[in-house]
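Q: As a plain string of letters, each chain reads:
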Amino acid sequence: MANNLEKEFVLEGLKLRHRTDGRGLFACRPLEFEFGTKDAYCIARLGGSVAYASVIAELDQPMGGRPSEGTIKFNVDIARAQYSTLFKNKDPVRVNHYMIELGRFIERSFRESKAIDLESLCVQAGRRVWHLQVDLKILNDDGNIPDVLGYAALGVLRVYRRPDVSIDSSVPGGLVVHSLDDREGVPLTLHHFPVCLTFASFDEGDVIVVDPSSLEESTCDGRLTISVTPQGELCAVQKAQGYGMSQTDVMQCIQAGIELAESSCRVLEKALKSHAVARVASRVRRTAGQDSPKRVGFSSESGPAPMNIESLDPSVRDAMHAADEPIEDDDDDDDDNEQDDAGGKRITMDTGEAVCPGDDSHADGSKEQVLDEPTQRKYTSITNSSGKNVDIYKETSDMVPEQDDAMQLKDAFLR
Amino acid sequence: MEYVSPEGLRLDGRRDKELRRLNATIGVLQSADGSATFEMGNTKVMAAVFGPKEVEQRSLLDADKAIVRCEYSMATFSTGERRRRGKSDRRATEISNVIKNTLEQTIMLELMPRTQIDVYVQVLQADGGTRCASINAAFLALADAGIPMRDIVCACSGGYLDNTVLLDMNYAEDSGGGPDVVVGLHPSLDRMVLLQCDNRISIETFQEVVDLVSEGCRAVAAFMREALVEHIRLMAASQQPRG
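Top to bottom, those sequences are chains A and B. Just so we're on the same page, the numbering used here is the position in the first sequence counted from 1, plus 5. Just so we're on the same page, the numbering used here is the position in the second sequence counted from 1, plus 4.
Simulated from the structure, these hints should not be mistaken for laboratory data. A portion of the hints provided could be inaccurate.
[As the list claims (entries may be wrong)] DSSO-like, lysine-lysine: derived pairs with alpha carbons at most 30 Å apart:
#	chain 1	residue 1	chain 2	residue 2
1	A	Lys278	A	Lys119
2	B	Lys21	A	Lys12
3	B	Lys21	A	Lys119
4	B	Lys57	B	Lys69
The structure presented is a predicted model; accordingly, all values stated were derived computationally and were not measured.
So that you can see chain A by itself, here it is in the shape it has in the complex:
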């Protein structure tokens, strides 16, 4: 909450078309994305505001009236630490109402605009469909929560891969849900990508800015939130509080919004690309040296994670692989990740994607040993140029990563 002096300062600056952080009136703060390695969560940052989104999928009976469609629900929550700063002196009921309003807006821009193909979530019409629940959490509020929640939701829906299902009549129930280790997860089908943008108006609608900071939010008279696709379509509009806006102002905001949506989507594409590389790189486990195994969760920005280094005693390796069995549950929520960073319990993330760096022998002509394990996995041990033993985890699968991924993998090995 800004005091009166701060509000006056912001307002006087805006009358001269200056924003306190030096941005242009229609310029957004820097946007960053961070994805979980198991493709189940996304953290979006818009300036100082941070939001987290995760998806949980459940296979269950379809909702009455729509037997061949899955469902998706959005739920917005706020981190307890933010509660008091965001809603000083407001009662919990009002906070709850605000959360519901945000959740409804995100729902409208994704579900009601048919951004997600719900029919692709159907496994057996009338019997089994996927029900998705997207949990959004506000981790830090530095102004403009609706936008950062929208970005987090968009990011998580683009990165999420649900377990693959196959029909098998020999199993009771007739369906086999393959865990993400056995089979590559299936990404969701999105028809278009809605981007949420908020505009704030000041001085009785005289000045309009995009992406208000926390200070500007406390000062503004009215707010307008729109959801646009980069292709120039409007998915949802919400102007339900604050000073009224004229129709020309609204149309001007929408036009500006489309350009901003294009640049936001470009940022998201870049982040998804580097995440794809990082995900493939995480399948690889390297063993050498005496360092203790350390699992580092990584973000799309830091690139491929530092590989685990361990001594190559076969019995140790077996024990490690046995302990390495990935956990069955797929919801990669906050608690899971905290565990990883703290205890280094899990060593690799493997979800069944093949890692085939082309050929088995390295360019510097090192040897190769193929070891047959009782499990389905094949281990190839090679010695790279620095004399360290490198263990490549290879699994037979139809998936072969693209050439540039494989090249980047090779670079990661030879580090």
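The hints should help you fit chain B onto chain A, whose structure is shown.
A: Structure of chain B alone, referenced to chain A:
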């Protein structure tokens, strides 16, 4: 399903730019400070206003202006099937919030500091456009309670089906899967205090729909003004001294 026939008639026989039949009754509840019912076609909504009165929850008290509380609920008999909705119905919460925020912009809150105004909206019959009818009914109830307001607030909805821009859709057209635009307008100030849009729509179509719905709002505002004048006239006539 065909929403607009080739002759240009809709499911209920209206033309594409035609509003439904409007009807308003002011002063229907004795216990409330102000009350009104508003009908748009088959949608019938009743609003009751209590206030300005002392703030019940001291923590919410605002020394500069009045606070507005709004509760929207649908009667169990309002829809085709009897349905009991709990208080935590998300849609009801959202609409309550929407109505509250719209009224906060309309009422001159600074004139009544440290007070509270309660608005209760009950949907008696739902046939599409309940949000709009609620705002209109709330406005009339506030006027009946004598609460000072900046301007008339009127609301109307519209959409786009079968390549035609439609005004004031009923439930069947609402569920048609096309976009749904709701506009709450201050006609004299020419400001939209409420603008909601659902479903995908191109920018040009959106502009057309908003234009049409704003016109519809002004028509509703004219009707409400007439209804208020008529109500005052009747009240004045009934209070004239005899003899």
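Q: Work down the list of hints and note, for each, if the structure agrees.
A: Status of the hints after comparison with the structure:
1. Lys278/A - Lys119/A: 25 Å, holds
2. Lys21/B - Lys12/A: The given pair, whose Cα atoms are some 44 Å apart, is violated under the 30 Å limit.
3. Lys21/B - Lys119/A: 27 Å, holds
4. Lys57/B - Lys69/B: 12 Å, holds
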